[in-house]
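Trainee: Spelled out from the first residue to the last, the chains are:
Number of protein chains: 4
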Amino acid sequence: MTKGTNQIKIAIIGASGYTGAELVRLLACHPNADIRALTADRNAGKPLSEVFPHLGGLDLPELIKLDAVDWADIDVVFCCLPHGTTQEFIASLPDSLKIIDLSADFRLSNIKTYAEWYGHDHLAPDLQKDAVYGITELARDAIKKARLVANPGCYPTSALLPLVPLIDAKQIDTGNIIIDAKSGVTGAGRSAKEGTLYAEVTEGIHAYGVAGHRHAPEIEQGLSAAAGSDIIVNFTPHLMPMNRGILSTIYVSLANGASASDLHATLEKKYAKEPFVRILPEGSVPHTRHVRGSNHCLIGVVADRLKGRAVIVSVIDNLVKGASGQAVQNMNLVCGLDETTGLQQEPLFP
Amino acid sequence: MTKGTNQIKIAIIGASGYTGAELVRLLACHPNADIRALTADRNAGKPLSEVFPHLGGLDLPELIKLDAVDWADIDVVFCCLPHGTTQEFIASLPDSLKIIDLSADFRLSNIKTYAEWYGHDHLAPDLQKDAVYGITELARDAIKKARLVANPGCYPTSALLPLVPLIDAKQIDTGNIIIDAKSGVTGAGRSAKEGTLYAEVTEGIHAYGVAGHRHAPEIEQGLSAAAGSDIIVNFTPHLMPMNRGILSTIYVSLANGASASDLHATLEKKYAKEPFVRILPEGSVPHTRHVRGSNHCLIGVVADRLKGRAVIVSVIDNLVKGASGQAVQNMNLVCGLDETTGLQQEPLFP
Amino acid sequence: MTKGTNQIKIAIIGASGYTGAELVRLLACHPNADIRALTADRNAGKPLSEVFPHLGGLDLPELIKLDAVDWADIDVVFCCLPHGTTQEFIASLPDSLKIIDLSADFRLSNIKTYAEWYGHDHLAPDLQKDAVYGITELARDAIKKARLVANPGCYPTSALLPLVPLIDAKQIDTGNIIIDAKSGVTGAGRSAKEGTLYAEVTEGIHAYGVAGHRHAPEIEQGLSAAAGSDIIVNFTPHLMPMNRGILSTIYVSLANGASASDLHATLEKKYAKEPFVRILPEGSVPHTRHVRGSNHCLIGVVADRLKGRAVIVSVIDNLVKGASGQAVQNMNLVCGLDETTGLQQEPLFP
Amino acid sequence: MTKGTNQIKIAIIGASGYTGAELVRLLACHPNADIRALTADRNAGKPLSEVFPHLGGLDLPELIKLDAVDWADIDVVFCCLPHGTTQEFIASLPDSLKIIDLSADFRLSNIKTYAEWYGHDHLAPDLQKDAVYGITELARDAIKKARLVANPGCYPTSALLPLVPLIDAKQIDTGNIIIDAKSGVTGAGRSAKEGTLYAEVTEGIHAYGVAGHRHAPEIEQGLSAAAGSDIIVNFTPHLMPMNRGILSTIYVSLANGASASDLHATLEKKYAKEPFVRILPEGSVPHTRHVRGSNHCLIGVVADRLKGRAVIVSVIDNLVKGASGQAVQNMNLVCGLDETTGLQQEPLFP
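Chains as they are written, first to last, in numbering that gives the first Met the number 0: chain D, 0 to 349; chain H, 0 to 349; chain Z, 0 to 349; chain U, 0 to 349.
Where hints are given, some of them may not hold.
Same chains, same label: a pair holds when it works inside one copy or across any pair of copies.
Pairs of lysine to aspartate or glutamate residues, derived as EDC-like cross-links and limited to a Cα-Cα distance of at most 16 Å, are as follows [what the hints assert, rightly or not]:
no., residue 1, residue 2
1, Lys111, Glu49
2, Lys306, Asp172
3, Lys272, Asp58
4, Lys8, Asp229
5, Lys128, Glu273
To be clear, the hints were calculated from the coordinates, so they are not data collected in a lab.
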């Protein structure tokens, strides 16, 4: 990769997980990215290619422990640590650093809601006020000025991109939103658990966390902000045999005389100039395969047989637009680069 | 397999498809089943094991053309022909035969609805009146007396088993039922189409037939009969990478002061003595993997976060309880046998 | 399941793994099997259906700790403990018990070879002498009289069934046998490891344990016994995305003027009357899908383009003929039952 | 994508198949590629995004019929037509065009061998003499000067890259080479066939074309040229459930006193400076997942337990290095560009 002259010095904290590896994959083709530090406490001392052999041909720094990073040499930190471990760490970083946090630790602006859903008090409440919740297309201006971007969850990204404009337009009933989501397995991370073993996942599907998944309050936060009132949703995630991808089938009641075509028109207008969000012709629905490996979100709208209702289907790659791709998109904004830099790879199909 | 003395002489019409092969698999372990004729027009003259090598060790008649069947030697006909080709054929059969039809040709009792959804007039309207729609647990007495059983579709089986008792109990709002279904690929049959190629299906998911799938009127017929009034539903099927299985996630509004626990109690009571339907503890949800290869239907009920709503999840194997297994279950009833005969294989997991 | 009068009282030790669950699945349809004890130390106190929900409709004893088994109430023990933990345990059992051991602990008759490959001394060398290595078709008479059957590994079963008769017939060169094997994931068990996560296995393949897999000495023991001299083989296993199945592609040099047709004839003659081994027509090769869920082994023979060589392909379901099915087959022999009892389920395809 | 000033005007003939779509995916990120014509006879008049929705965001010409191409506007033709249809077509093209042919029609330099394996006489024997068989790393200088590049088959690429240098070095016995290959499904193309339906492929594996696959003579041609004498090999391909990827496990006898380490050293030296071929440390073996979506070939060498033998494992993505990626690599050479242009995307894992 020929690199440009405007180099951003980058640290990836927690590089031995799937989102860390995906950042490296994307940044390897980013002309302004200079990866200077990769941390992974248990694997410190190894090359990344020992943990992820598919990244074997790159010229990368060795994995080091978190406390071995020379922060003076870093401009932007991508933080891929597990939920609950990130607040104190980020609070300890020098002010000069820009931070994209891929954990859930700064996503909920209400620290009481955080405590309720994550089971412990927020450990950096002051810093929380500075965090910008970063669905790029919905918060572009704020992200440009942010020091700390709370990179959104995968499910919330797939739900908020279609729903927020419709709530803004007052075209759907806010008391009756049902989000039936189907996710690939990488959303569960790389740590070994019985439930994500091949033999437990292949050739089947099941719902999980029904009425209790931590992405529900994150979705509700975004919708409530758009509506200006508290919204509760049904959010029912399912785990299915695919590595990458989220498909959210969203069932809505129409409001204020709107039709499915009106919803479609609202979304088309909202996203007409967006490089990564594409609205399909009315009546068409997207496949997760159509976005695999890319930063795209595809959205379809179909009129329901039930009068006064519509079905909306959105798809993303959970590791790209749902995590590391959106993180790079946000980094581009934070650093004043063109938003699409390094993100122009087309989807990999089949 | 040791066979009993009370042998039923069986013909399987259309034995070269997946439902035909599944009938052979199940009947091979059925102590009263004597397979006397297997038809497959294009493959006539071959042994079935050439078309389905997994059925290679059995002592079966050769595949023959449809017009070569000696009906005098047959007691029960399983009809696995494509939709639209079955009405005239069945009308031509001797009265002495009992018939289990696995196509959609006799499922809709209203022949106008049939014509509307299948694009041509019903070709055996008189015979339609005699057909019994055969979800075994919901129509047991009628099936026992039937000559012609219209074996239900896979999606309708998974939806009607949980919903009919709840409508009978007037515990759910009939105007607002949403059925988000996820199906394995065998539901599309064995004929070669681009859309069911491995590379087009693996590692992804998509909705199809949104607001237009032919199983919608079949579901609505069953629900409307229970309610005593016309019901329209949202039915949104999805195709996903698994061979066998349907999971229906059903979103309902509670009625008449019922709670999710009340729904659960209704289903538990209804199915307490059923050998093939099992209600999970409240709050638990089933995996399709838990029924693979078996005639079971598992159902879970969970209270929604949205007040006054509940989520119901049901799973079946589309080729067994959703097709050939229920067909054998119905044959057992029609022939006066114990309903579980030949159907006691446990699920295959992993 | 209607049970017969001759009931065998069975204990399954280590019932929370895949081979334990598979034993339960098979024995649930076995007319002479009475499961009296199921052990699983970490899960003691739970019903098996909590660990394996697909086994939810059965009338089974609760999981207990190993030391809570009442051996006086048991006739046959299936031992599904991890390798290395079984020798002392089995040595401690009452003499009255018959034992089928599914671990590797008693498979290698030479305790020096055992120590070399398993990294510790054999802990029950005296008992080793009594163990019969149990590929049913190759050791039927010895198994009938055995107290302790060492149930064979999955790879060795797939390799020895075709190779032993050919070595007996002196039709292949014993210095030049190459076994390229492809296995499903359940062979690695249910314990959570990064390497068997869905995302690490799906949509790919890799070789592992090249020139160092512990099933190599087990294969060599069986071949050497047949040849009357020490044989070393190439054995290269691969892990691929399927739950069940092993396909072994075996490359052999012909000896003593034999042709591929001669090899085929030898195998056809050897297995002509076997209920579970089927030789395909010469030039045909089997799929793993054709044996899924069944106790069958299918074998094909093809002449190579390289003069004087042949290719043999064999398939089994690693959890059935490669583990629990062969274990039941051996129990039937040990207990004087018909060898096929409880094992007549046809393969599940698709 | 920012495009450079040196634009190559490109036509893709047969753009509605997988290799055509893969060319578009790669060329969309190629700074010097200007796609001017896309042909697909049956789909003429549609946008490519209707046939391949994952390529929906690109600015591409509409699909047209073959005879509608304005050849005066084209510099380079990628030909993705089925085997047997390409010879006459390419013979009819203007001399000014450079051609990369992805079919098999010009791969066998001996037209008798072609006729024998493809069942008809070669239809452009004069043109055959000009065709350069294009494994880039093995024929770089000839490709630079070529007008017509016969782009190699996927299996031959995976076999010849490791084997040719070893034959050049006289380190392996040429009479005894066994290539056990495992392929993903896209190698069979997008046309609908029963054998590549999802339900027929998932969760299983089988060998096919044993001793009769058309890639055997292509492999033998490359090896024979290196050896200077006729070589016959065993080549046994297997079809397995993955979209992309070929893994070839190659069994060789060592010659002239060479050890496995010597083989490893030869390959390391040969490929030390290659951007797309990487030799793993001795004893390590690659996964197909490590090259998915990339133009890489990874190769491992392991000493066999059989004395005097070694095992070599190579992996490629069959659609990239095995087809469209190598085609772009060859186009780069033919056009005087840096060979890696447009091919620097990292593998997609998971």
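Trainee: Next step is simple, just say for each hint if it's right about the structure.
Mentor: Evaluated hints:
no.: 1; hint: Lys111 to Glu49; verdict: neither (41 Å within a copy, 35 Å between copies)
no.: 2; hint: Lys306 to Asp172; verdict: both (14 Å within a copy, 15 Å between copies)
no.: 3; hint: Lys272 to Asp58; verdict: between (36 Å within a copy, 14 Å between copies)
no.: 4; hint: Lys8 to Asp229; verdict: neither (41 Å within a copy, 56 Å between copies)
no.: 5; hint: Lys128 to Glu273; verdict: neither (28 Å within a copy, 51 Å between copies)
In summary, the structure is inconsistent with hints 1, 4, 5 from the numbered list given earlier, while agreeing with the others.
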